[in-house]
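*Asks:* Sequence:
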Amino acid sequence: TLYRTRFFNREQNVQEFEDEKREIRNSSALLLRQLNDPVPRVMGPSLQTAVPAAEPNPKRWVYDPFSHHNKLNSETYVKNTITDPLRSVARDIEAMARYHSPASRYVVRLNPARPTRKFNNPKLYDDPTDDKLKDKQDKIDRVSELNKVRYEPVNLEQERRKLLDEAKKKEEESLEREKKRQEDRSRQEEEAKLAAEKARLAAEETERRRAEEERLAEEARLAEEARLAEEARLAEEAKKAEEKKRKAAEKKRKQEEEEQKRREEEEERKRKEEEERKRLEEEERKRKEEEERKRQEEEERKRKEEEERKRQEEEETKRKEEEEKKRVEEERLAEEARLAEEARLADEARQEEEKKRKEEEETRINEAQKIREDELARLNELEKQAIEEDNVELLREITELKAIAQSDEELLKRQAAKLEEAAPATETAAAETPAAEESAAAEEAAEEPAVTAEEVKTEESPAAEE
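For the sequence shown, UniProt numbering assigns the number 1 to the initial residue and increments by one for each residue that follows.
I should point out that these hints are in silico values taken from the structure, not numbers from a laboratory.
Accuracy of the hints is not assured; some may be wrong.
Said to hold, decoys possible - Simulated pairs of lysine-lysine, BS3-like, Cα-Cα distance not exceeding 25 Å:
no.	residue 1	residue 2
1	Lys402	Lys240
2	Lys288	Lys302
3	Lys413	Lys252
4	Lys402	Lys413
5	Lys418	Lys261
6	Lys251	Lys240
7	Lys402	Lys272
8	Lys244	Lys402
9	Lys402	Lys358
10	Lys370	Lys356
Start from the sequences and build out the full structure, keeping to the hints where you can.
*Replies:* In structure tokens:
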């Protein structure tokens, strides 16, 4: 029943009927208000008499051809039914059949600047409500009578006829007054009948309005019941949606925990791989140092054998020994340069690998921080929604999730700070390694002339003894 009522109230014909009913009510109220209002009349010009010009009176009404006075007179009751595009013949007939309208005159709208008035000046009209108008007219009549007595000869026959005319005029006035009283009495009786008819119509209107109000109250009650049922349904749907959101949040939290665990395992695996790589590099470095030491020992042994052979073959093989020594020295220097170059390339590769690993780690931390910021933004929106809906349970869960996300964000920030601190230390170590190699090369270069001088002395000593 509620559904049918709501569907019925939404139909177009019902809404149009409501609009027509509202328009009928407004028109009826307007006609009832205008029923006993006085009809405004056009004020005619007063009789022009030969009197001296009076002082300007601001209370007098001055005719203004550009004012809306005639428009108000013509449109107040006539409603301009000829040119009104919204007029309705049926509505006008219904109004004239049910309501009494006082007499009114239709005044045609004139052009204020028409040729017959184009060069006329506005004229002053006497205010009919002015109390001094009657006194002024009496004064004018007295002046006229005095002028007649003073300047005209007395004619008794004319005076007698005048008195007879005045007596006849008074009798006619008395008859006119009696006739007017009869008309007033008839009019009052008619007004009494109209008042009785008006009271009857008002009673019928009151009864109809009461029935209409009862019907509207019943419709309002049914609409209220429908609204309450709709609110209950919406509340149930909101509860189900809230439960669904909670389950989705729980599932998301579990997924985040699994993702965090997977990231930790990946970090542990990378750390072990890095330790294994460092161990292999250390073993390779020790092996190369051992080979270098053995090579140096072998060279030292060969040098001693060569010195012994040189002592045995002093003069015959001096040139060959010098050439061989130079060749051996060049080979040694080339080998040392090759080994230094290999060490430098290995160190550069290690530094490049370390730099790439740090960049990957920074990228991962930045992505994780961005994900946490997005999650915090979504949690803030959910928190605002929960505050608006006054959902305490959802607000508590959102607060816990925000605390977890903030702790993860703090952890990522600490990791980023550690990477930033470790970067300068690595650069310093990389800068120290070439410096150490250069200093070692300089020391070897300084020691080389000393060794050569000792060899020369050793070679020259047998000759000196001879």
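*Asks:* Is the hinted pair Lys418 and Lys261 satisfied, with a Cα-Cα distance of at most 25 Å?
*Replies:* Cα-Cα ~21 Å, so holds.
*Asks:* Between Lys244 and Lys402, is the straight-line Cα distance small enough, at 25 Å or below?
*Replies:* Cα-Cα ~20 Å, so holds.
*Asks:* What's the verdict on Lys402 and Lys272, does the C-alpha distance respect the 25 Å limit or exceed it?
*Replies:* The hint is violated at about 33 Å.
*Asks:* Under the criterion that the straight-line Cα-Cα distance not exceed 25 Å, is the pair Lys402, Lys413 satisfied?
*Replies:* holds, 16 Å
*Asks:* Taking 25 Å as the top limit, are the C-alpha atoms of Lys251 and Lys240 close enough?
*Replies:* Holds, because 17 Å separates the two Cα atoms, which is no more than 25 Å.
*Asks:* Given the proposed pairing of Lys288 with Lys302, does the C-alpha separation stay at or below 25 Å?
*Replies:* holds, 21 Å
*Asks:* Between Lys413 and Lys252, is the straight-line Cα distance small enough, at 25 Å or below?
*Replies:* Given that 25 Å is the threshold and the Cα spacing comes to 23 Å, the pair holds.
*Asks:* Straight-line Cα separation of Lys402 and Lys240 no greater than 25 Å?
*Replies:* Roughly 24 Å separates the two Cα atoms, so the pair holds.
*Asks:* For the pair supplied as a hint, Lys370 and Lys356, confirm whether the alpha-carbon distance does not exceed 25 Å.
*Replies:* Given pair Lys370, Lys356 holds - Cα atoms ~21 Å apart, limit 25 Å.
*Asks:* Could you grab the alpha-carbon distance between Lys402 and Lys358 and see if it respects the 25 Å cut-off?
*Replies:* violated, 29 Å
Hints 7, 9 from the list above are not met by this structure, while the remaining hints are.
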